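Participant: Make a model of the complete structure from these sequences and hints.
Heads up: the sequence lines are chains A and B, in that order.
Quick note, in our numbering, the first sequence goes up one by one and the last residue is 514.
Quick note, in our numbering, the second sequence goes up one by one and the last residue is 842.
These are calculated hints, taken from the structure and not from any lab test.
Hints should not be assumed to be uniformly reliable.
[Claimed, not checked] With a straight-line Cα cutoff of 35 Å, these simulated DSBU-like cross-link-like pairs (lysine-lysine) come out:
#: 1; chain 1: A; residue 1: K238; chain 2: B; residue 2: K804
#: 2; chain 1: A; residue 1: K464; chain 2: B; residue 2: K804
#: 3; chain 1: B; residue 1: K804; chain 2: A; residue 2: K459
#: 4; chain 1: A; residue 1: K101; chain 2: A; residue 2: K42
#: 5; chain 1: A; residue 1: K238; chain 2: A; residue 2: K116
Quick caveat: nothing in here was measured; it's all calculated off a predicted structure.
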Amino acid sequence: MFSTVLSGALIGVSAYLVSAEVDIAQGLPCFSMVGSLGGEVKESRERVSVALKNAGFELPPKRITVNLSPADKRKDGTAFDLAIAIGILEALGYFEADASKDILFLGELGLDGEVKKVRGVLPIVREAAKRGIRQCIVPAVNAGEGAVIPGIRVRGAAHISEVFAFLREREESMRELILPAQGVGRGEESSEEREKQLDFADVYGQEGAKRAAEIAAAGFHNLLMVGPPGAGKSMIAKRIPGIMPPLTLEESLEVTTVASVAGILEEGSGLVTKRPFCSPHHTISQPALVGGSINPRPGVISLAHRGVLFLDELPEFQRASLDAMRQPLEERKVYVSRMGASVVFPSEFMLVCAMNPCPCGYYPDRNRCKCTESQIKRYMGKVSGPILDRIDLCVELQPVAISGLHMGSGEESSEAIRKRVLRARERQAERFQGSHCRFNADIDVTNIGEFCALGAEEKAFAEKLYDSLQLSARAYHRIIKVARTIADLEGAERIGTEHLMEASFYRPSLEYWI
Amino acid sequence: MQIKENKQEIWRLDQGDAEYPDRLREIPSSPKRLFGIGRLPDENLPSVAMIGARDCSEYGKYVAKGLGTLLGREGIQVISGMARGIDGIGQRAALEAGGSSFGILGSGVDICYPAENRDLYERLMICGGIVSEYEPGTPARPQNFAARNRIVSGLADVVVVVEARMKSGTLITVDMALEQGREVYAVPGRITERLSDGCNSLIRFGAGMLLDGKDFVREVWDVFERKRTGNTRLGKEIRTKMKECENLRSGKERGDEKKKDGDRMTQLPLPLSEIYDALDFAPKSVSEIKRGLTEQYEDRQIITYLMQLCMEEMAVQVSPGQFCIRKK
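Facilitator: Here it is as structure tokens:
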């Protein structure tokens, strides 16, 4: 009258296996659950007993005890429902004891016995495969994401009666009631998906901003766009993922894992093949941005992993939220420590910000802008300095002339820009072989001499630039890094003076406003 | 009475004191007492109040700097409010040219407002003075500034407006200056620039038009002498004397200037000189600059040329995407 059924739980983006132990004994009728359970897990008792009744199984008036082991780890979520229900059926002898052996169950139960979607299927299935488990039964809508893991059979079930029928059949041939999900195409974007993506050909004019976006995408530099309302800042930001190189399989798995843990994967989808683009509203709280809650969940900066995080109206964001991004921007991952657990989420994103130049939006056109200097200063002061310090490129957008809005095509497509970006990335991959850097944006003071060597002429030129533009040491290094990317885009081996000059045009600087 | 504070001596003068400036005695509602650090404007030298917008344009900056330098070099004292924009730029330039300048504050003399002009504040103590009618320790209050302006124009013989919007504090100062019988000059600007509207309308209503610095200096001396002696004869004598010196000096300098400008232009290769010509004191974006060129260039090329001009200090990037001309 005892059974053990496997399930899994999440900590951050990693997973661990949980066994649901069920004992049914004589005694006063009761259904108790133990194992350091959160609210949703305790409620599982009601869902499981009603779902079993409605699926046609009668629970006997006996003492039912369920333990979720390891019992010292706090458990949250509804994914244990299915495992508990199967454990009870097994303990009651509805099917043979070894039928559920080496199968991992995940799923939330509806009161009618329906198996509903849960979050975190991908990392749990991956953990199961690592531990040598051969089969998983997951909600039908989640089967796609589970199926991307090689070496494990993932079956999707829509109702508990299907799972029961599957376990009762002894012969493999009869078990095809729930078919294993097919592995989905890996890494490659479908042509259909490509077509759906936004294209830079739709953006008329704004050559400077487009060029900055291209440089930023090529070197994974953070970008700030300044311009009046309606100039096309968001339009350009949304098109940046489209000119970045396609996700590799490894990257794709990482992105899918974060999305799976956050529970935002589309139903029935497998691997995510599109680079993420996250655009949180400026009222976003700090935990929502960097990750949090009692049982830590990824924040927006992790959802934007390997993609673009777009902060529109940068000065309107709460300072505390922005400041919390400093460490993730530096280390490319975020540590979230809470009472429940301390976890690490990946957060390798490209930061794209947009803002108006002043409260009214027309500075430095003194004929239209009526803002006083102190108003502009106050507005700029709302942007946290440490965040501006981590921005490599700054570009100003001009208001669009009406003639521009009626003009047709003739603009460069995203595909053409992407080709150049890809070439630049290949050059970087070659250069950074065997170092911790991956993009030009990763270059720091210690290795700038190695990766961004300047010739004698260029060195003299850069020094002149440093003096005449009154740069800070940090700004100087940033210009050199951006110049490296511009040279990569051109396919140039060495950084030339023209690259330095173009890079200095895009230097972010507060001195304009103050 | 003398108060020791911050190692700088703050003096106090009452209206009855002999050292109280004569220029202030004659104005309506002259301040009962004055506090200060450093000196007071010399009664035997002319002084000019240079006033204008705080949020001035590149044009205003250029004019204020040039005028301040000229006045400083000519030994004419520059009076202003030590504010951001025109005030501070003009005073700094005068001090750099070796002249003297006086900052009239709307706060106590021991308080530096705005704080970013601390460098100017400290230099004014040495090469001029800080003056206020408020007790030391009085914080800067907006309502004090209009009253402060009457001292700015009161201590000057001539008031010159470099840049002002139509409704602005600068024009309030001009009203007071006229009430006090001071000569008012304005620097003309384009009719399309809102920051020049105030100046242009002053000219329309009869203010003196500042077209040439040298002429202006001559007129300042003239006004000063006329006022001091009460007759124009002496003024005329001085003026002719000055003119002689002037001619000697300015002829040489003007020639120098032309030569300098010519040198610079011949040094510039074609695309740079063309782009330099397309620049203006009003900010222009890259696409606007592009429109002013006869040859077709890519944006990227224009950016490179513009940055080159910035490095030569012939242009200035006023915002991430806009440029102004810069003249030394």
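Participant: So, for every hint listed, does it hold in this structure?
Facilitator: Going through the hints against the structure:
1. A:K238 with B:K804: Distance of about 28 Å is within 35 Å: holds.
2. A:K464 with B:K804: OK: A:K464 and B:K804 at ~26 Å, within 35 Å.
3. B:K804 with A:K459: 30 Å, holds
4. A:K101 with A:K42: 25 Å, holds
5. A:K238 with A:K116: 33 Å, holds
Hint violations for this structure: none, all hints satisfied.
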